[in-house]
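**Q** The lines below spell out each chain.
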Amino acid sequence: MVDQVTGGSVFSAQAKTRRSLESFFSWLAASGPKTAVAANAPRTLKRTGLTILLSPVLLLAGWFALSHSGLFPTEVVVPPEEVAATFWDMVRSGDLQRNLSSSLGRLAIGYGIGAGIGLLLGSFMGLSRNAEAYLHPTFQLIRQLPTIALIPGFIMVLGIGETVKIVLVAKATALPVALAAFEGVKGIPRVYLDVADIYKIRPLTRFFRVILPATVPPVLSGMRIALSRSWMVLVGTELLIADSGIGQMMEWGRQVFRIDLVLVGVVITGVIGFTLDKSFRLLERRLVRWRYR
Amino acid sequence: MLTLSRFRGFVLPIALIMLWSALSHRDAAHSFIFVPLENVVASAREMFLNGELSRNWTASLIRTSSGFAIGSGIGIAVGSIMAISRFADRLINPLYQAVRQVPLMGFIPLISLWFGNGESSKLFIVSLAAFYPMVLNTYEGLINTEKKYLSVASVFKLGRWRTLRYVTLPSALPSIFTGLMQATAFAWLSSVGSEFFFNPGPGLGNMMLNAQAAFRMDAVLLSVIAIGVTGFGMNFLVQRASRVFLRWRSTR
Amino acid sequence: MSGGAMARLDDDKRSEPSHPGALAIKSLNKRYRMDGRILQVLQDIDLNILPGEFVSIVGRSGCGKSTLLRLIVGLEADYDGDILLDDQPIRSTSLDRGIVFQDHSLLPWMTVEQNIGFALLTLDLPESEKKRRVAEHIDLVNLSGFAKAYPRELSGGMAQRAAIARALVNEPKILLLDEPLGALDALTRIHLQRELQRIRTQNRSTMIMVTHDVEEAVYLGDRVVVMDANPGRIGRVVTVPLPHPRDRGSRAFQHIRDEILADLTGAHDTD
Numbered sequence: 090m091v092d093q094v095t096g097g098s099v100f101s102a103q104a105k106t107r108r109s110l111e112s113f114f115s116w117l118a119a120s121g122p123k124t125a126v127a128a129n130a131p132r133t134l135k136r137t138g139l140t141i142l143l144s145p146v147l148l149l150a151g152w153f154a155l156s157h158s159g160l161f162p163t164e165v166v167v168p169p170e171e172v173a174a175t176f177w178d179m180v181r182s183g184d185l186q187r188n189l190s191s192s193l194g195r196l197a198i199g200y201g202i203g204a205g206i207g208l209l210l211g212s213f214m215g216l217s218r219n220a221e222a223y224l225h226p227t228f229q230l231i232r233q234l235p236t237i238a239l240i241p242g243f244i245m246v247l248g249i250g251e252t253v254k255i256v257l258v259a260k261a262t263a264l265p266v267a268l269a270a271f272e273g274v275k276g277i278p279r280v281y282l283d284v285a286d287i288y289k290i291r292p293l294t295r296f297f298r299v300i301l302p303a304t305v306p307p308v309l310s311g312m313r314i315a316l317s318r319s320w321m322v323l324v325g326t327e328l329l330i331a332d333s334g335i336g337q338m339m340e341w342g343r344q345v346f347r348i349d350l351v352l353v354g355v356v357i358t359g360v361i362g363f364t365l366d367k368s369f370r371l372l373e374r375r376l377v378r379w380r381y382r
Numbered sequence: 085m086l087t088l089s090r091f092r093g094f095v096l097p098i099a100l101i102m103l104w105s106a107l108s109h110r111d112a113a114h115s116f117i118f119v120p121l122e123n124v125v126a127s128a129r130e131m132f133l134n135g136e137l138s139r140n141w142t143a144s145l146i147r148t149s150s151g152f153a154i155g156s157g158i159g160i161a162v163g164s165i166m167a168i169s170r171f172a173d174r175l176i177n178p179l180y181q182a183v184r185q186v187p188l189m190g191f192i193p194l195i196s197l198w199f200g201n202g203e204s205s206k207l208f209i210v211s212l213a214a215f216y217p218m219v220l221n222t223y224e225g226l227i228n229t230e231k232k233y234l235s236v237a238s239v240f241k242l243g244r245w246r247t248l249r250y251v252t253l254p255s256a257l258p259s260i261f262t263g264l265m266q267a268t269a270f271a272w273l274s275s276v277g278s279e280f281f282f283n284p285g286p287g288l289g290n291m292m293l294n295a296q297a298a299f300r301m302d303a304v305l306l307s308v309i310a311i312g313v314t315g316f317g318m319n320f321l322v323q324r325a326s327r328v329f330l331r332w333r334s335t336r
Numbered sequence: 717m718s719g720g721a722m723a724r725l726d727d728d729k730r731s732e733p734s735h736p737g738a739l740a741i742k743s744l745n746k747r748y749r750m751d752g753r754i755l756q757v758l759q760d761i762d763l764n765i766l767p768g769e770f771v772s773i774v775g776r777s778g779c780g781k782s783t784l785l786r787l788i789v790g791l792e793a794d795y796d797g798d799i800l801l802d803d804q805p806i807r808s809t810s811l812d813r814g815i816v817f818q819d820h821s822l823l824p825w826m827t828v829e830q831n832i833g834f835a836l837l838t839l840d841l842p843e844s845e846k847k848r849r850v851a852e853h854i855d856l857v858n859l860s861g862f863a864k865a866y867p868r869e870l871s872g873g874m875a876q877r878a879a880i881a882r883a884l885v886n887e888p889k890i891l892l893l894d895e896p897l898g899a900l901d902a903l904t905r906i907h908l909q910r911e912l913q914r915i916r917t918q919n920r921s922t923m924i925m926v927t928h929d930v931e932e933a934v935y936l937g938d939r940v941v942v943m944d945a946n947p948g949r950i951g952r953v954v955t956v957p958l959p960h961p962r963d964r965g966s967r968a969f970q971h972i973r974d975e976i977l978a979d980l981t982g983a984h985d986t987d
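Top line first, the protein sequences correspond to chains A, B and C. When we follow the working numbering, the leftmost residue of the first sequence carries the number 90, and every step to the right adds one. When we follow the working numbering, the leftmost residue of the second sequence carries the number 85, and every step to the right adds one. When we follow the working numbering, the leftmost residue of the third sequence carries the number 717, and every step to the right adds one.
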C-alpha cells in the first residue's frame, strides 16, 4: 500500500511520481484555501468509482443474512424484502402519500413563514445600525433556546393542533435564516460598497447589483441548514403530537411493534432529508454561478 | 445621549417583560399562560431549595457528558481512520453519508423497539448526536492539510508518523474543535430532547413534561431557561478550551 | 552582535573541507503530460555549481525556474537526465538540501524555536545539541528575543528570516531559495538582501536562489543564470566579478544588471 496520511501526502517515491503534476499545480496556485481544495480534489474524483457501492451492498447483504439467520425473530430484524413489501403496500393503499403530503405541507408552510421572517429580520438588523442595537441582543438571547426544548411550552400555549407544528418549524427556520442574513449583510466587503459610492451608483442599483449578490451565497447556505434542521424538528414534533405525517406513522409503528413500518419511515425521512439538501445545493449552484468554476 | 444609546439593547427585553407581566395580571385565563414572573422566581427558589432542579439538571448533564464522550471519541476515531486509510474511506464514507441523512429524531422509534425505552436508548441517541459532527470535522480537518506544510515535512524527511503528529494533526485541530463545539451543542439538545420520547426518568426534559402535564408554566419556563443557560455555558467552556489549544491562530 | 556568532560559526564543522556541495546538472529534461498533451517545462539544462558558490537564477514567469528548484530539492523525482550532488543522484528529498519557500511556510502552530527545531526532528542528536543549534541559528538571523513567538506575531521579513534559519539549522550542503524575498516590501527586501549576504559569509553552504528581481540576483550571485521560457532552458550565464559588499550604484554593477534586464525584456529582439 502506498503511504498516505492525507490524500497521498507523505512522499514515498512512487506516490511522488504519480502525483507530481497535481503537486506542481497546487504549488503554482501558491498558498491559501485553494491549496486545501486542490489537495482534496483527486480523492473525491476517485471516489466516484464503483467502490462507493461496496459498503451499501455489503450492508444490505449483511442485513439480509442476519434477518434470515434465525438469530433474531424476523419481527425484530425484519428482512429487507419485507420492508420493501410494506413500502409497496403503503404506496398502493395511499397511506404513504397521505402521510407524506401532510408532513411536507407542514414543512412548506412553516418553513415559508420562518424563512420570510428570518430574511426580513436578518436584513433589517444588518442594514440598520439602530435595528441592530435594539434587536440583536434579544435575538442572541432567543437563539440560545433550542427549539426542541420549547415543544412542551408551545404545546401548553398552542395546544396540539396544526398551529403548534407550524410555529415550531417556523421558529426552527427563522433563527438560523435571520442569523445568516444578518451576517451576510454585515459581511459585505467594505470595498464593494466603496466602489459603488465612487461610481455614484443609485441606491436601487446598489441594492440589486451589489448588496443582494454579495449576500446571496451565505444566506442560501443558512437557508439550507435551516431546512434540514426544521425537517428534524418536524419529525420530532410529529412523533410526539400528531394524527398524521411520517413521524406519526413511525410512532404508530412503534406502538404496535411494526418494525417494518418504522424502517420504511427511517428510510423515507432519510431520503427526504437528502433530497431537500441536494436540491437546495443545486439551487445554490444555479443562483450563484459566478462562485463556482 | 451617547451613553444612553448603549442601552438600546435592553429596551426590547424590558418591554417584553413589562408586556408579559401586564398580561399576567389581567385575568386568570391570561395568568395561566403568562404566568406572573414572581411565580417563576418563587418556583425557581423552591425547586432549587428542594433539590429538584439540581437533581434533574445533573441527570441530563451526566447523560450529555457520557454520550458526548462516547460519541465524539468514536467519531474522532472513525474520522481519523477514514482520513488515513483510503480503503476505510471508501467503505465507511458512503454509509456515513447515507445514515446521516436520517434526522436524529427519526431513529427514535427504531431505537426504542430495538433497545428498549430506558436510559441506554437515550444515551445512544446522545452519542449519535455527538458522533456525526465529530466524524465529519475530524475527517475534513485531516484531509485538508495545506500542501505547503506537507512539502516542508517532506523536505525534512519526517516520515509518516512524525508528519501525522507534527503537521497533519495540529493543522486539523481547528476543525476538530469546531466538531467538538457542535458535538457538545447537539449532545445537550438531544439529551434533553430524548427524555420526551422514552421512559420517564430524572432529567430537565422530563421535568418540563411533568410541568406541562400539571399546567405549570412557571416550571416549564424555568426548565427552558435552565436548558438555555447550560447550553450557553457549555459552548463557552469549549470555546475557552479551543482558545487555549489554538493559541497559535490569529485572533479573528 | 554578529561578531560573536561569527566567531562561533568559524570553528564549526561546516567550514571543514568534508562539506563540499558541488551540484552537477546534466542534460536535464522535464515534461508534464496534461490531457494527453506533453508540456516541456525544462529542456537540456546543463549547469555545474561549485561548492560554496552562490548562483542566482532569473527568468520570466513560466520559464521553469521554480520547477528546477523543486527537482533539485527532490520534491519531484520524475525527470530525464542527471542531477548529482557530490556525484550522488537526487531522487528524493534529503537533509543535504534545504529550501526556503517564497511564502515562509512556517508551521503556524509552532513557535519560531519549534519551527527551527522541526528541521532537526529526524536527526540523531542529543537534545542539548539541538537546543544549542537552534539558539545559534536564531542569533544568526537576528531573531533573538522572538524564539517563543508564533508566526502570526512576526512581520513578513522576520518570518522569512526564521524560515532561512530553519533551512540552515541542519547544515545542508546546499541551500535553495525560491524567491525568498518575493513577498516582502522593497525596504525590507534590501535589508534582507544584506542579511543574506552576511549569512552567506558565515556559512559555507552552496546556495541557489530563484528570483524575479535582477538587481537582487546581481547583488548576491557569483553567477547569474538567465533562463528563457517555452520551453524552459538556460539562455546565458553571467559571471559577476564584483567584490562584496556590492555597491548597487556603481557603474560596473549597473552595467551587468542592465545587460541581463535587456536580455529578459527582449530589448534585443522585437517582442
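These aren't lab readings, by the way, just hints derived from the structure by calculation. It cannot be assumed that every hint is accurate.
As the list claims (entries may be wrong) - Taking lysine to aspartate or glutamate and the EDC-like style, the derived pairs with C-alpha atoms no more than 20 Å apart in a straight line are:
hint, chain 1, residue 1, chain 2, residue 2
1, B, K241, C, D760
2, C, K846, C, E895
3, B, K241, C, D812
4, C, K864, C, E843
Since the model is a prediction, treat every value here as computed from it, not as a measurement.
**Q** Of all the hints numbered above, which does this structure not satisfy? Sort the numbers upward.
**A** 1, 2
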